[in-house]
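Colleague: As a plain string of letters, each chain reads:
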Amino acid sequence: MAIKYSPTVIEHFTNPQNVGEIENADAAATEGSPACGDMLTFTLKVDPESHVIEDVRFRSYGCASNISTASMATVLAKGKPVEEVKNFNAKIISEKLGGLPATKMHCSVLAVNGLKAAIKQWEINNGLAEEEEIQCNVTTIKKLLKHVINPQTGKNIISMGMINFIKIDGAKVFIEVNLGDTEDMYAENIRDEITETIESMKCLEEVVVRILDRQKFEIKDNNGV
Amino acid sequence: MSEKPIYFDNNDSTAMIEPVFAAMKPYFMEQYGNPASLHQYGLDAEEAVNDARATLTGLIGAQSDELLFTGSATESNNLALFGLTQAAPKNKHHLITSKVEHHAVLNVMKRLVKEGFEVTFLDVDKEGFVDPDDLKKAIRPETLLASIVHGNHVIGTIQDIKALGEVCRENGVLFHTDAAQSFTKVPIDVNDIPVDLISINAHKMHGPKGVGALYVRKGVRFDRLMEGGPQENNRRPGTENVPAIVGMEEAAKIGCANRDKDNAYMIEIRDRLIEKLLEIPHTHLNGPRGDKRMPSNANITFLYIEGEAILMHLSMRGVYVSSGSACSSIALAPSNVLTAIGLVHEEAHGSIRFSFSKLNSLDEVEPAVEHVKQVVDQLRAMSAFIPAEHSEKEGAGKTFYKKKKSEF
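These protein sequences, in sequence, are chains A and B.
For the first sequence, the numbering used here gives the first residue as 1, with consecutive numbering after it.
For the second sequence, the numbering used here gives the first residue as 1, with consecutive numbering after it.
Just so you know, these hints were derived from the structure itself, not from any lab.
Given the structure is predicted, the values throughout are model-derived calculations rather than measurements.
Don't be surprised by glycine CBs; every beta carbon is placed ideally from N, CA and C.
Where hints are given, some of them may not hold.
As the list claims (entries may be wrong) - Quick list of the computed label-pair ranges, beta carbon to beta carbon:
no. : chain 1 : residue 1 : chain 2 : residue 2 : range
1   : A       : G170      : B       : P367      : 37 to 45 Å
2   : A       : K172      : B       : P141      : 50 to 58 Å
3   : A       : S159      : B       : N91       : 43 to 51 Å
4   : B       : K373      : A       : A129      : 55 to 63 Å
5   : A       : E21       : B       : P367      : 29 to 37 Å
6   : B       : E279      : A       : S50       : 45 to 53 Å
7   : B       : A264      : A       : G20       : 25 to 33 Å
8   : A       : G98       : B       : G342      : 36 to 44 Å
9   : A       : R210      : B       : H284      : 52 to 60 Å
10  : A       : G127      : B       : P367      : 33 to 41 Å
What the hints assert, rightly or not - From the structure, some residues in chain A lie toward chain B, with a derived Cβ separation under 8 Å:
no. : residue
11  : T8
12  : T14
13  : Q17
14  : I67
15  : G98
16  : E188
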């Protein structure tokens with residue numbers, strides 16, 4: 001199926017703004033992963049007095065919407081105080097781009113998270129925030145799973161009520177997901193994203209994701225088949 | 001982009017050629033009868049459909065009543081697999097396929113799993129071949145059928161369907177092959193190859209879209225899926241798409257008559273393109289080389305960048321290709337074929353398929369390669385990704401940015 005992008009997305013894709021990295025940056029952060037096919041690295045320069053973002057640049061590994069959302073995020077952030085940029089959300093980016101297809105909404109989430117992660121790093125570097133200790137519990141997992149987007153709807157799987165339960169047993173975590181009205185074909189993507197998210201916590205050794213379709217039939221992972 | 005685009009996506013669809021269009025034309029506005037009608041217009045239409053059936057079966061050494069027309073190779077695959085499983089005795093509840101099938105087989109199999117069938121998905125080697133011994137080992141007393149693709153749509157692997165068919169025949173298992181990509185390019189003679197069902201279509205061989213066919217060997221038990229009229233020997237109701245069927249016949253005739261010449265022509269383009277693209281650092285070919293590869297297919301992985309971005313840049317430059325990346329599929333999953341041959345996700349994401357027809361020319365290779373080089377350079381220059389082991393081992397490439405989250 002062909003994916004149709006808005007003219008603004010195409011513009012930022014063909015002529016991305018603020019590409020590269022800042023030498024001697026005040027902070028940097030990478031979000032996403034090569035396995036998922038999208039990853040962004042942001043570098044920041046922040047004015048120590050006014051806390052205004054003087055410069056922000058990105059590097060991208062990803063598709064057209066990955067590149068254009070990152071480009072738009074940097075355009076919107078540049079020249080603004082960090083406090084304002086901390087309030088950015090994925091919707092602002094996608095609206096400014098003239099909309100994104102639902103299956104690409106996760107790209108705008110990644111761009112915003114990357115930018116915020118770089119700001120957080122700047123705050124930590126400057127003693128304005130503490131490094132967060134990741135608590136290895138269900139609450140943290142739920143919080144992190146808000147970053148997993150259902151490709152069919154563009155909404156996150158927690159707000160859609162797709163998680164039946166999360167159970168931690170030693171170093172192993174079980175998660176049961178119900179697809180509801182989501183098509184089966186998205187199951188493996190959702191499984192991969194959940195696994196990836198939990199592995200990023202680096203405190204659990206095994207992730208078991210059980211996915212049930214509309215009729216409560218388990219969709220098995222046939223090694224990518 | 002004023003020049004004519006370079007269309008290297010012929011495994012997706014081909015241009016129809018003039019003689020095919022000419023053969024079809026009278027059947028739209030002049031000979032428009034329904035083959036089921038009893039008057040002269042109907043008889044003429046029926047004759048056209050039966051002539052096409054005779055031609056197509058003749059090209060595979062089958063009898064003329066062993067083929068039925070469908071709307072696509074996808075429909076043929078569905079009809080074959082659902083048709084056989086519906087007609088099967090209760091104790092035959094096991095099916096075999098491979099991990100490199102088209103979704104028109106894979107997703108039918110997944111649905112059959114839900115309906116209570118057991119399905120074995122056979123592994124392939126790193127070039128995409130199914131080992132006939134693996135097929136043999138997978139067969140059980142309750143195995144009904146095996147379905148293995150002939151020419152692979154992603155990486156061009158041509159399976160040894162004779163060896164696979166023989167394993168099935170020796171063990172009393174029905175054998176279906178999806179020959180949507182290979183038909184006309186790779187010969188199939190059903191007297192030589194023990195295959196019971198073959199799916200084909202027209203639009204991959206310069207015929208029209210919206211028509212396919214299914215060869216079903218005489219005596220194979222098979223149920224129709226739709227109810228309606230008695231068309232296609234009572235197995236596929238619905239008025240036949242007469243112009244498309246006539247077009248399919250013409251395309252198949254021309255394709256088979258010129259097979260050796262066309263294949264040699266495409267292979268020259270294919271091998272030149274592969275050679276030139278592999279000169280780009282951090283690339284590799286997916287699928288086999290030589291005569292076990294479809295003449296029409298090349299598939300290259302470009303590391304550290306993502307396929308959809310490559311594809312879109314190439315499209316804007318007038319080079320049309322397709323990608324195995326998750327991002328260019330609506331399901332956001334990388335191609336099952338690429339993961340089945342052992343590619344890790346980031347290799348699959350950066351894979352591009354270039355596919356050819358006799359309408360391409362060797363002169364297109366150089367400009368296409370130049371565009372690819374520029375796009376790859378552009379995207380790699382902004383890439384956020386290079387694993388350390390690559391950057392140190394392969395010093396010949398560009399200097400890439402390394403992930404450095406914790407340095408600050």
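Colleague: Could you tell me which of the hints above the structure violates, numbers in ascending order?
Modeller: Checked against the structure, the hints that fail are numbers 1, 2, 4, 7, 9, 10, 11, 13, 15, while the rest are satisfied.
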